[in-house]
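Student: The primary structure of each chain is shown beneath.
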Amino acid sequence: MEPITRKMRPLLFAACLLCVHLSAQKNDNPFELRKGALRSSGAISPGLMKNGDGVNMYLHGNFDFFLSEHFSLRGDGFYYVTTTGGFNTFAKNHQLFSGFSFHGKPTGFSPYAGMLMGLSFTQLNQPGIGYDADRMGVCPVVSPHAGFNFYGEKYFHIFAEARYVVGRHFPEYQSPVSLNELRFSFGLGWNINTMKK
Amino acid sequence: MKRILIFMAVMSPFFASAQRDSTATAGAKPGGIFMLGMRTTSSLFTNGSNGGLGLGGQFRIRLTPRINTDWFADYITNDLEGLGKRSDYHIGWSVLFYLFEPESPRNIAAVHNTRGYMKHQQRRVVPYLLAGHCFDYTNLANNSITHPETAERWSSAIQAGAGVHFPIQKIGDLSFTSQYMMHLGTDIHGEVMTETSPVFSKWMTFHEDEGGSLEGHLLLTMSLNVRIADLWSR
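Residue numbers (my numbering), protein chains in the order written: chain S, 1 to 197; chain Z, 1 to 234.
Don't read these hints as lab results, they were simulated from the structure.
Please note that a few of the clues may not be correct.
To be verified - Covered stretches of chain S, as calculated for chain Z (at least 3 residues, CB under 8 Å):
1. 37 to 45
2. 72 to 82
3. 90 to 103
4. 138 to 151
5. 170 to 178
All C-beta atoms in this analysis are idealised placements derived from N, C-alpha and C, irrespective of residue type, glycine included.
Here chain Z stands alone, though its shape is the one from the complex (with noise of 0.2 Å):
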């Protein structure tokens, strides 16, 4: 008897683990999310620049239910001293690594359907953190009439930062992000030229140096993202 109790007690964790769990979430499993949606991007910190303001797109597809994938597509026009402008063209995408499960699995006991499956409760507030990759085209131009420059660049970037996600019903979300990104390419930068002869006139001309050279700007972005489809739930 003593060993049939022993054995019981050795073999009740396989037994447990073999069984399915109630609790398990199932049906409305939240990966294969798709969204859709549009994004407003303020750069700061660009190299000789003022500060810009851009528009893009986006998509999402979630992974699982701690990660997301967002895939964007920006045009950003900054400032270059009142002299000329720089226009940015990203492409790229991020990793969205979730601090917590959206669907907060603190109120699931509260809403089991009637399946016996648990129904997600959608967090108020849903932080994260992000990293991707981007390929980016530069084009600077200045605005003088005397001495019309123009100068360009390709280079691919690495991004990083943070950001929250505020749903809007299950309807979609609203999201603000900031993030750094780091460009790898060719050199290209502006510099102040003046001559005081015939008359005072100032413009920017541009150089590129020879080798790599790294660039960052700060991305603070706020984008509204529409749920559009399920692509894998059961």
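Excised from the complex, chain S in its bound form (with noise of 0.2 Å):
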């Protein structure tokens, strides 16, 4: 492990502080679910292919749009990294999805669920034939979705949820690869109210 630089101590020294200060705060003001609730969060994804070895490890932003306390308009935006632990199918991967959720309770630990839609930009990795052999295509994929939020402050939630991406990927020059793929994502989002009572 590389010895932490001078210049990190400052930062790693204000992180710890600001958790212990947060987790100090009285409640006083919890989030609530209702219309115009906006919520949005990022994350590391990994995603396991059905017939793939490896990991595919995306960047994962998302929000949602609160029209009630129990619907939302989300929006999914997947921006592939790499492959860990097996060969790296893709030299592209990245997906946009816009869709629904429907949300339990307005407060504290929140379930949901929804359907996405939305298009991906894949192009395959063919070192063989070389990097650009295959074209960026652009194809439908739809993802159902279930997690929860658990919104214990009055701007941060903490977020857990698996999706699972259906697709198929068609190569200039190749059989359709495809796309079908579970993801996992979890993590701290953000949450406010952009509409008065």
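Hints in hand, dock the two standalone chains.
Tutor: Below, the structure written as structure tokens:
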């Protein structure tokens, strides 16, 4: 493990202090979902393909805009980074989704489920032929998803979710490649109410 | 006196029909509702295809309480037996005929508002029939390195089917539709070719025949629609 440089020490100290500070706060004003609420999160998301031998890694960003306390419009973006523990099938496998989610309780522990539809921007990694032998293809994808948010604070929440992505990439000189994949995401999210009660 | 009574009896239906109907709906009459939505479509039984998946968008303009219109555009990709790709681009419209008025009249008596008008009570499930027209562009492309080939055609289509809305409060609805779409255009189709020398290879070649042909597919669509505006409400 690399030694912590002097520059990083104050940052780590500040981060630790922030955690202690947040946990010491009394939760007088917990967040409550309602029309106009906006939540967003960023995460690193691992994905397991049905026939793949590695784990695909994505940067995952998403947001929900609530039209009522139980229903939100949702947008998701996945940026493919790499595959660990196996062959890199893809040079690119970025995806954009939009759709909806139904949410349970408007405060505290709030499970949700929904459906997203979108497009994949996929290019195969073909080192034998040349890295750019396959053109980037744009194909429709759909993704049912389910998970939970835990709204403990006015501006922050914890989330965890799983999704299944269904789609198919059509390479220029090869049989179609399945994009079916199970993905997981978890981490910290942000939330605000953009409209007054 | 008898004549007066008979005259009044004859005229009473006219008097009654001339009165404002206190049970009629006003103010919140549902014609003119504009909705915007997105949709995903599964295409089944397409000629020579293993099934396809699509993405699209739509807007709706409701003309009367029982009639709605759906204006859509779709991009659908199909697998041609692992040897190629079929892309379909649809743009068209459908008219939706509601089997029941989406705002339930059964419950109207219970929901008078203070202005004396009726509020509509939304049904939880709204079944409908639909039919419409569509214009299409189809592109076929194989994935052979040695025999690359493409084909394309323009066509027009009619579609008909049935569906159901699941309204989400007053926000919009989630809709599921099943419809058969029949295309009229030139005939293009694929044929699988093989050769064994110098190495075994298999590819798809495309033929375009003279004259028109009918070709159809079943489309299963799920859409999310959000209510945007009421265009001509009083």
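Student: Now tell me if each hint is right for this structure.
Tutor: Hints, verified against the model:
1. Coverage of a stretch by a chain is defined here by at least three residues with a beta carbon nearer than 8 Å to that chain's beta carbons; for the segment 37 to 45 of chain S and chain Z the count is 0, and the condition is violated.
2. Using a Cβ-Cβ cut-off of 8 Å, 1 residues of the segment 72 to 82 of chain S lie near chain Z, which falls short of the minimum of three, so the contact claim is violated.
3. For the segment 90 to 103 of chain S, the stated coverage by chain Z is satisfied: 3 residues place a CB nearer than 8 Å to a CB of that chain, which reaches the threshold of 3.
4. Chain Z is given as covering the segment 138 to 151 of chain S, and this holds because 4 residues of the stretch bring a CB closer than 8 Å to a CB of that chain, at least three being needed.
5. As drawn, the segment 170 to 178 of chain S meets chain Z at 7 residues by the rule of a beta-carbon pair under 8 Å; at three or more, the given contact holds.
When held up to the earlier numbered hints, the structure conflicts with 1, 2 and fits the remainder.
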